[in-house]
Amino acid sequence: MTYLSPLEMLYKWEQIKPNEIYLSQPINGVWHNWTWKEFGIEVRKMAAYLKSLDLASGSRIALLSKNCSHWMMADMAIMMSGHVSVPLYPNLNSETLEKILNQSEAKLLFVGKLDNYADMKIGVPSNIQCISFPFYTEDYPRWDELTKNTTPLAENVIRGEKELATIIYTSGTTGDPKGVMHKFYNFSFSTTNAVNVLSLKEESFFSYLPLCHIAERLLVQMGSLYSGGRVFFAESLETFSSNLVEVSPTVFLGVPRIWTKFQQGILTKLPQKKLNILLSIPLISSLIKKKIQKGLGLSKANNIFTGAAPTPVALIKWFARLGINIQEAYAMTENTCYSHVSFKNKIKIGSVGQALPLCDVKLSEEKEILIKHDALMDGYYKMEEETNKTIIDGWLYTGDE
795 MTYLSPLEML YKWEQIKPNE IYLSQPINGV WHNWTWKEFG IEVRKMAAYL KSLDLASGSR
855 IALLSKNCSH WMMADMAIMM SGHVSVPLYP NLNSETLEKI LNQSEAKLLF VGKLDNYADM
915 KIGVPSNIQC ISFPFYTEDY PRWDELTKNT TPLAENVIRG EKELATIIYT SGTTGDPKGV
975 MHKFYNFSFS TTNAVNVLSL KEESFFSYLP LCHIAERLLV QMGSLYSGGR VFFAESLETF
1035 SSNLVEVSPT VFLGVPRIWT KFQQGILTKL PQKKLNILLS IPLISSLIKK KIQKGLGLSK
1095 ANNIFTGAAP TPVALIKWFA RLGINIQEAY AMTENTCYSH VSFKNKIKIG SVGQALPLCD
1155 VKLSEEKEIL IKHDALMDGY YKMEEETNKT IIDGWLYTGD E
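Taking the working numbering, I'd label the letters of the sequence shown as residues 795 to 1195.
No lab work stands behind these hints: they were computed from the structure. The C-beta atom is built at its ideal place from N, Cα and C for all residues, glycine as well. Heads up, a few of these hints could be off.
Claimed, not checked - In silico DSSO-like links for lysine-lysine, alpha-carbon gap of 30 Å or less: (1) Lys995 x Lys1183; (2) Lys942 x Lys956; (3) Lys1156 x Lys1140.
Stated by the list, open to error - Ranges between beta-carbon positions, derived for each pair: (4) Asp1154 x Thr1062: 44 to 52 Å; (5) Lys915 x Lys1176: 36 to 44 Å; (6) Glu955 x Ala1149: 21 to 29 Å; (7) Leu1077 x Ser1158: 20 to 28 Å; (8) Glu1162 x Ser1080: 44 to 52 Å; (9) Lys1156 x Glu1032: 44 to 52 Å; (10) Thr945 x Lys915: 43 to 51 Å; (11) Asp938 x Leu1077: 26 to 34 Å.
Using the sequences provided together with the hints, build the complete structure.
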């Protein structure tokens, strides 16, 4: 496999289709668009500004925001300026935020679209410089103010495949968050192989699950970069459904609670007994399925995924009756979200699917799932003992059975 970093994919699309829209984001109900060229200019301007700060190469720069266009711009600018991105969950409490910023030794923090930053702000150490995204918080110097007189970085920076790209902190549901280190090669390996095996080409993606989570970051951010796709963002929880219907993406990732909410919404309008009758009538059945798919915003979706937690078999079967064939996937932060997926033409309900190409799998004597491929994490940041317990002889001990 030829190594191509996320930055090199940006340079490719800047040249091939500079005037095609890459990012679309609703703000106060109005869609704002950025072409590949405009996206690249914003990234290059912020990268130039970050370089002007004379931070040591490889400095940690954190991202604290819900999904938005400037989240993805900031992540790429951090890469382009020679630093390491540290994406954070937008609902952290101040104590956890402070702990992660200190443990990662973050030198700068991007602050964007948040619900409760006033309470979180207490956890930001006073020695960390902060930059606000446009449209949102006014607490700090704003992105557009800092870059308006900045000349975009002209060079096409290339980051080495072994260089550290990001530290992704796990949600900490089983203890303190652990910082998972991934080099640039891992993004290239995982996304290139996944895009190829799933035949993703210029897809449209709908971004609403946290970009700091490995699944959203790999499928949506990296998937769009490596396939030349387009990303649409949801504006809020309240507009999620209408945004999804308006966008009708070709790739959609849901988690179990989303599928349950979809089901509840359908049954509120069409009780199960009535739905069963309509689905039993051949001509009407087809029309009902199409109407439901369109009503959810999934009428154009070619790949419909579920993951992050087990999805009940009964729920997947229920949607299959409606012509919505959900593909289960299994992976984790530590293996760069590259492990197993159900291919759309080989779905076996109740199974997380097949191992992806170049991914080796075996069971330990205790029946624990072990994974090995070339894009496993470099380890947990500053946690050598934990790392040595998790990766043994090149195998990732997942903790799952």
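Here is how each hint holds up against the structure:
With a C-alpha separation of about 39 Å, the suggested pairing of Lys995 with Lys1183 is violated against the 30 Å cut-off. Taking the CA atoms of Lys942 and Lys956, the gap is about 33 Å. The hint is violated against a cut of 30 Å. The hinted pair formed by Lys1156 and Lys1140 meets the criterion: a straight-line CA distance of about 21 Å does not exceed 30 Å. Distance hint for Asp1154 and Thr1062: a CB-CB separation of about 45 Å, consistent with the stated range 44 to 52 Å.
For the pair Lys915 and Lys1176, the beta carbons lie near 25 Å from each other, so the given range of 36 to 44 Å is not met. Look at Glu955 against Ala1149: about 23 Å separates their beta carbons, and that is inside 21 to 29 Å. In this structure the supplied range 20 to 28 Å is violated for Leu1077 paired with Ser1158, their Cβ-Cβ distance being about 53 Å. Restraint check, Glu1162 to Ser1080: a C-beta distance of roughly 45 Å satisfies the suggested window 44 to 52 Å.
The given range of 44 to 52 Å is respected by Lys1156 and Glu1032, whose C-beta atoms sit roughly 46 Å from each other. The hint said 43 to 51 Å for the Cβ distance between Thr945 and Lys915, and at roughly 32 Å that hint is violated. Judged by the Cβ atoms, the range 26 to 34 Å given for Asp938 and Leu1077 is violated: they are separated by roughly 55 Å.
Figure legend: structure checked against the earlier numbered hints; hints not met, in rising order: 1, 2, 5, 7, 10 and 11.
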